[in-house]
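*Asks:* The chain contents come next:
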Amino acid sequence: MKVVLYLHLHQPWRLARFRYMDLGSGRPYIDRERNLAIFRGIAERAYRPALDRLTAATEAFPEFRFSLSITGSFVEQAAAAAPDVLERLQRLVRSGHVALVGETYYHSLAFLLPPPELAEEVDRHARMLADQFGGHAKVLRMTELAFSDDLARFAESRKYAAMLAEGWEGMLEGRSANHMYCAASAPTVRMLLRNYRLSDDIGFRFSSKEWSEYPLLAEKYVRWLGDSPGEMIGLFLDFETFGEHHHADTGILDFLSALPRAASVDRRLSWATVDDALELEPVGAVSSPVTVSWADAKRDLGAWLGNDLQRSAFEAAKKLGTLVRAAGDPTLLEEWRWMLTSDHFYYMYVSGHGADADVHRYFSSYGTPYDAYANYMNALTDLRQRTVACLPTGESGGRSAPR
Amino acid sequence: MSAPRKELDPVRKGPAKTPAPPPVAPGPVDGARPDRAPSPATRSPEEWESLSKDLTWSRPPQRTAPTPDPALARRMHVVMVGWEFPPHHTGGLGVHCLELCRELTRMGHRVTFLTPFPGPFTPVAGVTFRHPGEPAAGGRVPEYPLAYAAGELARGSTAEAIEGYDAWVASREGLADASVVHVHDWFGTIGGAALARRLGCPMVLTIHSTEYDRSLGHPAESLRSREEYGIRQADMTIAVSQHLARQLIERYGARPERLRVVYNAVRPTARLEPVASANRTVLCLGRLTATKNVDTFLRAAARVAPAFPDALFVVAGEGPEYPRLIDLAVHLGVGDQVLFLGHVTEEERLSLLASASVFVLPSVVEPFGIAALEAMAAGVPVILSRTSGVAEIASNVFAIDFWDVEEFASRIAELLVYPVLRGTMGEGGRADALRDGWAERVVQTVGVYAELLAKQRSRT
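Those protein sequences? They're chains A and B, same order as listed.
Here our numbering is used: the first residue of the first sequence is 201, the next is one more, and so on.
Here our numbering is used: the first residue of the second sequence is 15, the next is one more, and so on.
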């Protein structure tokens, strides 16, 4: 049984408070200092200690291997706020124990935009991986683990060997997630699926005292892994699980250290990066005409585009793309791309009920979804006004000039 | 608008992470330990903190059909010592009293409502109104000089009139079967306490606003002392918000174990059909007093108006600030986009709400703010100051610092310019406003009566 541990490293560039009255003021949309301060806090609680433990594990157990995806905003913030975190990552990648996963540079929803946006953002990310880590990704993930038949075709067109996706029942039709699959729409693309039960045991339930399995010890968890049927188990998690979502005092970092040790004595288990897992032959094909993600009970895009606020904000951003491209100014293009980061839309989720709403509140950087929406729309409106001002005459699309 | 006064200290100001100020429990609470509780003077701040931690009360419960405790089903006779009563009322107190009477009688209780005014009163079956100057039982001779009736009260010496009202309340006969005396605000605290003592029944005091708030931190001692007296005498004091409850503890020495929070509510109405309006209307509605802080509204209007030439800023209501505010609007150069309506009737108010795009309540402090809740119930998105009681039960609003003109201006502009925001927030606000109705609130109030009566029974 191959255990495919894959951790996602991302911090968004959160917007500054940008009031309607700030339109045309030239104020930046992003509060750089606030973002860096947040990054430093998480670096202290999660990135440093967890990376140190992972590094120690690769040294103690040569067979311990795992995979990382690292967004562009994460690397930019790490370089500015905690360069030692970036160095730790570079050392780990050089050690050969780690495979890198490709995605969009901006952690964006570009997969919902017309070409060539997605390809450009994925290529930008690939260049960053090469520059920063000397690495190259064979496997692609989309923001929020989005997957659809169209996205599989995209991966194929960009010569990726595999994609990551949620091992969701709707797509598996009674089959187990613990096998290698390929995409029905693009059979050359293999599909590595997330075992959400075993992943969420760590990601969500680890520190819950109401959970019948609490406390979760590495030995017990490794036994669950070993007892699972199939050829591979996809444990796909946010990196911040280790020290941030669960604080150190829950024992999560010790669990992370103990996991490779406990697995080393179970002969049924071996560690594999996403690249290593490609040697497995597909047992079947998976297909999803609609986009599935790894979020919320419904595993759709509802967390980002579920309500009117989110959809109208995204539509406005999408529309602006045409103008931005017409304006041909690289600064405007870059700023617009940061507006596509999925986190902005996540903050506009109107609190509903139950567990999902609690998760959303935890991740939000605004008091209310209305704050998030108004702020986003103000910044986008300002960007639109600047873009229109840059357009060659006659290309303003009949829209009014900035106020 | 001058800089915010220190003593007003908007408690919910600052980042969201600031620890919430001590909450006060609604309804019966385990922390009621009067015999063990030291007097306020001897308690350290730490003790207060730990005590208030026991009294956790985050949000009002989800709406359920109110099923009164069987113990509460006992028919009670509530003697209400009130003041104004609809249709002639100026604020939340009148509305609160009317709804309290309606729900109490619906639950089978009887109410005798004492008021200094001769009416007319919105009739409620099961409620007997009594006022000075009413025909004495069996005779036509007024029991009390008419000087204390409404019109005279305003014109004559207020202090004397209040004393007269207190004396009249204290000497009411024919109330021997009263279960509880429930006083509202300061007007009848002395008379109400005396009446309760004479009748041997518990006294409940609801505080709708304090003299501190009404006077922007410069209370008239004669009124403040009546409030303090009432709080000291009452077996239980009800505040209409946490914010107000904290103030009663801090400024009046109220004991948390004898303090409850019961919020106001609105009566659900059919969703108002929006009035088609050529202009986009931004509405500010309330009594034009200094606490309502209409200055901020006008200054924000002046910031927004140039970018929205079709927007109309409507100030509805009357009060001592009226002439000064008109001058201010002219001075700010927005005279042509600000409309002062003066007093509006109930019908006009509803039609204003139906046509409004945004409702603004910028009060320096608003013990509750029923007008905002009514706007929310009508589906109008609301911008209000953090220092308002409504903000405690509403999440689908913009709650901001009362002095932050730029923020008010931005929020107004955002709601005018983004229709999806307006619609979503309006719907969310409506749900907030209608989550708990008067029935739920009055069940909480009756819970307070029952708690006191049970305590009284256990003593005898």
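No lab work stands behind these hints: they were computed from the structure.
Please note: incorrect hints may appear among the correct ones.
Among the chain B residues that face chain A by a calculated CB cut under 10 Å, a handful are [said to hold, decoys possible]:
hint, residue
1, R317
2, L346
3, D350
4, L353
5, F354
6, P395
7, S409
8, E421
What the simulated footprint calls covered on chain A by chain B, stretch by stretch (three residues with Cβ under 8 Å from a Cβ of chain B suffice, anywhere in the stretch; the number is not a length) [stated by the list, open to error]:
hint, stretch
9, 379-388
10, 501-514
11, 570-580
Using N, Cα and C, we set each Cβ at its ideal position, and we do this for glycine too.
*Asks:* Now tell me if each hint is right for this structure.
*Replies:* Results for each hint:
A hinted interface residue such as R317 of chain B counts as satisfied when its beta carbon comes closer than 10 Å to some beta carbon of chain A; here the least separation is about 6 Å, so the hint holds. Here the hint on L346 of chain B is broken, as its CB sits about 16 Å from the closest CB of chain A, past 10 Å. Interface restraint check for D350 of chain B: the shortest CB-CB distance to chain A comes to about 20 Å, outside 10 Å, so the restraint is violated. Taken as an interface hint, L353 of chain B does not check out: its beta carbon lies about 23 Å from the nearest beta carbon of chain A, beyond 10 Å.
A least Cβ separation of about 25 Å between F354 of chain B and chain A goes past the 10 Å threshold, and the interface hint is therefore violated. Checking P395 of chain B against chain A by beta carbon gives a least distance of about 8 Å; that is within 10 Å, so the hint holds. This hint holds: S409 of chain B has a C-beta 6 Å from the nearest C-beta of chain A, less than the 10 Å allowed. Because the closest C-beta pair between E421 of chain B and chain A is about 7 Å apart, less than 10 Å, the hint holds.
Restraint check on the stretch 379-388 of chain A versus chain B: 0 residues with Cβ-Cβ distances below 8 Å, three needed, restraint violated. Only residues whose beta carbon comes within less than 8 Å of a beta carbon in chain B count, and the stretch 501-514 of chain A has 4; three or more means the coverage holds. Closer than 8 Å: that is the beta-carbon criterion, and the stretch 570-580 of chain A has 6 residues meeting it against chain B, so the requirement of 3 holds.
The structure does not agree with the numbered hints 2, 3, 4, 5, 9 stated previously, though it agrees with the rest.
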